[in-house]
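There are 2 protein chains.
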Amino acid sequence: MKFVIIGGDAAGMSAASRAKRNDPGLEVIVLEKTQDVSYSACGMPYNIADPLREMDDLVVREAQVFREKQGIDLRTGHQVLSIDRPGKKVSGRTDSGESFQVNYDKLLIATGASPIIPDLPGFSLPGVLCLKSLEHGRRIKAHIRDYGVRVAVIIGMGYIAMEMSEALCELGIQVHMVKPRPGLLPWMHRELASTVQEELEKNGVNLYLGHEIKGIEQTARGLKVESEGVGFECQMVLTAVGIEPNSELAANAELELGPRQSISVDRSARTSDPEIYAAGDCADAFHVVTGEKTWIPLALRANRAGYTAADNVTQKKAESPAVAGTAVFKVFDLQVARTGLNLEEASSYGFDPEEIVIKGRTRAISHPGVSTMGVRMVGDKNSGLLLGVQIVAQEGAAHRINAPAVALHSKMTVEEFGRTDLAYAPPFGPVWDPMLIAANQLLNKL
Amino acid sequence: MKFVIIGGDAAGMSAASRAKRNDPGLEVIVLEKTQDVSYSACGMPYNIADPLREMDDLVVREAQVFREKQGIDLRTGHQVLSIDRPGKKVSGRTDSGESFQVNYDKLLIATGASPIIPDLPGFSLPGVLCLKSLEHGRRIKAHIRDYGVRVAVIIGMGYIAMEMSEALCELGIQVHMVKPRPGLLPWMHRELASTVQEELEKNGVNLYLGHEIKGIEQTARGLKVESEGVGFECQMVLTAVGIEPNSELAANAELELGPRQSISVDRSARTSDPEIYAAGDCADAFHVVTGEKTWIPLALRANRAGYTAADNVTQKKAESPAVAGTAVFKVFDLQVARTGLNLEEASSYGFDPEEIVIKGRTRAISHPGVSTMGVRMVGDKNSGLLLGVQIVAQEGAAHRINAPAVALHSKMTVEEFGRTDLAYAPPFGPVWDPMLIAANQLLNKL
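Protein chains in written order, with the numbering used here: chain A, 1 to 446; chain B, 1 to 446.
One should not assume that every hint holds.
What the hints assert, rightly or not - Below 25 Å or equal to it, Euclidean Cα-Cα: the simulated DMTMM-like pairs (lysine to aspartate or glutamate) are:
hint, chain 1, residue 1, chain 2, residue 2
1, B, K411, A, E319
2, B, K359, A, E415
3, A, K359, B, D57
4, B, K381, A, D311
5, B, K445, A, D23
6, B, K293, B, D273
7, B, K293, A, E415
8, B, K202, B, E170
Unchecked claim - Label-pair ranges, simulated between beta-carbon atoms:
hint, chain 1, residue 1, chain 2, residue 2, range
9, A, R181, B, D50, 43 to 49 Å
10, A, G231, B, D50, 48 to 54 Å
11, B, E319, A, E248, 52 to 58 Å
Worth flagging that the hints you see were computed from the coordinates, not collected in a lab. We treat Cβ as the ideally placed atom computed from N, Cα and C, and that holds for glycine.
Turn these sequences into a full structure, and let the hints guide you.
Below you can see the structure in the form of structure tokens.
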């Protein structure tokens, strides 16, 4: 049997490796359009921040290891252009311009996602860059080095934009961040978002919220970003306004699509065609709180969905875990974490939500180095269920978020979560952990 | 109605405050034998480490606040010596030697725990100290200052001993730690315990495991600890071989006792006498994994049990949450955390346990500052249930332990826990969190 995988990143290579481990006799062919497979995409901002490191340090496993040690037929430089479902084959073109066709018994689409590039003048100019693939990372690194970037403009203020603002500041580059809409991190409570805003400003990042972008021009000295009311001279522009699933192949093959045009899959990672699976950033998933489809492109669930597809292809029944949308990012000296739903999301899914925002402490009150921890917690008035948590703090947010994440998986009420036995020692928190304080205060409002 | 509380520390003052809040008309009398109420006992080692701080910085709320703002009849310097259950009164003696009697309608025993002092020669010599109460802390601080302590011997190697070894080292004091039994942290997996041992030794602490103590002598130059095979000249000895519940009052009043001679209480914090409650380090609790009684003296559950007693006294039905034994301590640059049962405990409670020990990473593999995270995870072969976790790492152990703690509360299987959506970003962990790696590897053994 022939298992063909389109895309050799997190989901694709996880699936390939797992399928070969489950069934060493299986023919596994991976068609990857770039030359890069298996790298730590999330590590790129940190790598860019360090001129002494090579971008290729982020490669986790070399292509030849997959080929020679694991027996995977990994074909890099192979871009798939169409899927022929009745004929059970895919067609495409190689780097060197040759056409190819590959038959499959089972197919996995693991094509990932791409940065959204605004349809405005100048976004294809040299020096206007984005960050999703390793090649993007190499280009940014080379551009900074070769063009002596002193000023950079980041368009967008999501977590990639924030991580990159920190990376560029570390390199001594002045950073302007611009976004058309007025609110920073709109999914976050305004009080917590303002803590993030202060952190960025404290570190010298210039924020321009609510400035519509008009376009980018090449000038004699570099680039100029024109936006409503203000223009920015710079030597580099980073577009980080979000990503979108690479679902064209699937759409053209008339597979069902889900939220945000991602490829719709069932819990077994199967698309609307039972011979075709999809996994990773290109596919949707079930949300643990709502039970509904959602599109949350994150690394862990990409790996897991790859495993699920491989297990099912090799006759081991498996279901992907539902996602809680647990995520964390670092921006300068702040940790920003979330899991589950915020108030607006909860309302839109038919809950009757209530929320609390508290200022807790990261250490015992008398302990040196204690700082403030902002917590937003959302619960449902009807069922009492915990629905989501957001945390912003200088320390202890990244792993604290995992406790409510587990609570979401086990459908705990706010009251039950507030009665859990969490760890305490003065260097790590107060006797009543901020999670417990938030739960007990929220309980009074439910 | 008259609610009398014996003991004005965490459980006692939590109960007093809560009872007054629930029912401002209630007469609440607290009888505390010392002059200290409401202080952060766990903060004492860190306070001792800093000669510029006063021990009284750890007082959370002054006695007069309880008296004047909260209307609690707080009587310090009042030691209760007996409980007359048929007469519903307690008797005792004040600091100044006067006898007193107080009638009660409802009584709460919140007498805490005391350090175990070995019944060996020399343990009452000046300079032979222990650490449980604020007064103990003051004595240690004064002794170090007044006697110019250069060498200290700590007897015992539990978490108080470890925290104090770090505090004393920070003051430039040479520390010898001695214990009669051979194993360091016997509740921990040997591999993880050896990481802790290396950390202590790396920081210059001299460990003498398996050395029976014979006694302590006063010498011309200070103190001498005599142990099997080796003697230690020093200027201070800290006894930290464990604590025991202060249950004599209860035992003399013929109340039922539980594990380790702690006062037996039901989920409402009620003793075998329905008019008498007990809470805090002197009382037992239900374990969330075993459902059986246990004695785990920790701050959070002391506060909670105080609230439970107060709620029930004021006609608000309440039950104390079960405990998971979640705990963390810091020793030099290590964080040591646990929740639930270890392999031996699980066996003794009738489980058929299996365990895994893994070396995970605290950050993404390519991220600067990444270090090793040791994880022990225990599950039950019969039910598949998660039973307990231990973590030792330079960072990220303290809050990571809360995720499995929540899983224990919701009776998750190892498989379910291994499918939870935990946060990932390179500065805070690998894509597959060490908790998930451990769960997935343990699952293969169950």
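Status of each hint after checking the structure:
no.	hint	verdict
1	K411/B with E319/A	holds, 21 Å
2	K359/B with E415/A	violated, 35 Å
3	K359/A with D57/B	holds, 22 Å
4	K381/B with D311/A	holds, 24 Å
5	K445/B with D23/A	holds, 21 Å
6	K293/B with D273/B	holds, 18 Å
7	K293/B with E415/A	holds, 23 Å
8	K202/B with E170/B	holds, 14 Å
9	R181/A with D50/B: 43 to 49 Å	holds, 48 Å
10	G231/A with D50/B: 48 to 54 Å	holds, 53 Å
11	E319/B with E248/A: 52 to 58 Å	holds, 57 Å
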